[in-house]
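Colleague: Read top to bottom, the protein sequences are chains S and R.
For the first sequence, our numbering puts the final residue at 200, and the numbers step up evenly by one.
For the second sequence, our numbering puts the final residue at 376, and the numbers step up evenly by one.
These aren't lab readings, by the way, just hints derived from the structure by calculation.
Each hint can be trusted.
Going by beta-carbon spacing under 8 Å, a handful of chain R positions derived as facing chain S: (1) Glu-167; (2) Arg-171; (3) Ser-173; (4) Leu-174; (5) Ala-177; (6) Gln-178; (7) Tyr-180; (8) Arg-182; (9) Pro-184; (10) Ser-186; (11) Leu-187; (12) Lys-190.
The C-beta atom is built at its ideal place from N, Cα and C for all residues, glycine as well.
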Amino acid sequence: MPHRDAAYNLARWILRGRAQAEDVTQEAFLRAYRSFGGFQSGNARAWLLQIVRNCCFTWLQQNHVAEQMSEFDELTVPPKPENPESLAMASYDRERLQRALEGLPAHFREILVLRELEGCSYQEIAAITTRPIGTVMSALARARQQLRILLTEPVPKGAHRDL
Amino acid sequence: MTCDLTQSRLHAYFDGELDAEGAAEFERHLESCPDCELRLAAEEKLRASLAGAQLYARAPESLRKKLQLSLPKAAVPPPVKRSREDSWRWLAIAATVVLAAILGWQYLQKLNRYSQQQAMAAVIVDAHLRSLQPGHLEDVISTDQHTVKPWFDGKIDFAPPVRDFSSDGFPLLGGRLDVIDSRTAAALVYGRRKHIVNVFVEKAQPGDSQNGSGELQGYHWVSWKQNGFTFTAVSDTAYADLDQLKQLFLAP
Numbered sequence: 038m039p040h041r042d043a044a045y046n047l048a049r050w051i052l053r054g055r056a057q058a059e060d061v062t063q064e065a066f067l068r069a070y071r072s073f074g075g076f077q078s079g080n081a082r083a084w085l086l087q088i089v090r091n092c093c094f095t096w097l098q099q100n101h102v103a104e105q106m107s108e109f110d111e112l113t114v115p116p117k118p119e120n121p122e123s124l125a126m127a128s129y130d131r132e133r134l135q136r137a138l139e140g141l142p143a144h145f146r147e148i149l150v151l152r153e154l155e156g157c158s159y160q161e162i163a164a165i166t167t168r169p170i171g172t173v174m175s176a177l178a179r180a181r182q183q184l185r186i187l188l189t190e191p192v193p194k195g196a197h198r199d200l
Numbered sequence: 125m126t127c128d129l130t131q132s133r134l135h136a137y138f139d140g141e142l143d144a145e146g147a148a149e150f151e152r153h154l155e156s157c158p159d160c161e162l163r164l165a166a167e168e169k170l171r172a173s174l175a176g177a178q179l180y181a182r183a184p185e186s187l188r189k190k191l192q193l194s195l196p197k198a199a200v201p202p203p204v205k206r207s208r209e210d211s212w213r214w215l216a217i218a219a220t221v222v223l224a225a226i227l228g229w230q231y232l233q234k235l236n237r238y239s240q241q242q243a244m245a246a247v248i249v250d251a252h253l254r255s256l257q258p259g260h261l262e263d264v265i266s267t268d269q270h271t272v273k274p275w276f277d278g279k280i281d282f283a284p285p286v287r288d289f290s291s292d293g294f295p296l297l298g299g300r301l302d303v304i305d306s307r308t309a310a311a312l313v314y315g316r317r318k319h320i321v322n323v324f325v326e327k328a329q330p331g332d333s334q335n336g337s338g339e340l341q342g343y344h345w346v347s348w349k350q351n352g353f354t355f356t357a358v359s360d361t362a363y364a365d366l367d368q369l370k371q372l373f374l375a376p
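So here's chain S without its partners, still in its complex pose (with noise of 0.2 Å):
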């Protein structure tokens, strides 16, 4: 099966959970073979992703999972400023980067994984998230700034799940 664990890992980050990732996979997997016709030619990974990611946003507003859905919040609502602590972030383990990762907004975690885990191009994001370039190209500016603060700001006591 071409693409698993890349239909795999952008679920279970968009969705923050394993379960869940493989029952959207697997939905998503059916939807493409199904809809194979719709598939003409070139970039059959970013023809799946596509189809993936929109399978996991119908899974989190069906499941009302509290998210800012909005990328209309997310890309105008001024960030808070980066200091020069966050910016001179050490390196960090597993654990934190994770938690931090998945602190973000559903469409922020979506992107970064795409382009830093999965290596896709701005192009290929465009066409997986069906976004212009230039948007693609700010919501990842975005969502590295956001994803340093969340690294610098001190960690909650026992907090994991709940972000």
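Starting from the known structure of chain S, arrange chain R on it as the hints suggest.
Modeller: Relative to the frame of chain S, chain R by itself:
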């Protein structure tokens, strides 16, 4: 305090999404902007942290099994009985495949010729640009074809047809030796109003196309075969000028 380029270009540069020119421009900017330098270093650190943390979640074995069980049913259509009609259908499919292969092969041949021509155009335009650098244009400076022609004697193993077209608005300025695509060529330099035209003359080879023309980076080129030579005229002057020069060469 934040540099304007930080948001818009820094990330595109960091992600390798700028073209060569854009990247060079940003690197020049980087030398004089400590703000961008700091931010770029921060992005690099973040990327290194993310890469080192092994956050990529591979599909678990359980998912692989689920997909194996659920997908074949959805993907493979139910088997149908073979009939006489079917064998005709297979024949038609086979014929289509053969036809597609032939058309594809012809298309590839065409594409190959096209890309060969493009590569040649790039070489020609490069040679033209090189010749325009100071001191590179002519090895023998003369407006007299009877001076330029003997100059080539003994320098190359063929006698290029050297002609002056001053009366037609293409004064001969001189000649030089050049190497085009590892073949020795005689370069004839003509003036055309304020423009310089290089005419490269090489011994024709079987692979050379009969006639060609095109544009690359704002330079026009026209090539033709004549008396066992391949001529290529290149300049930033109008295409019509090059065509006129070609006709002058072709005229007896």
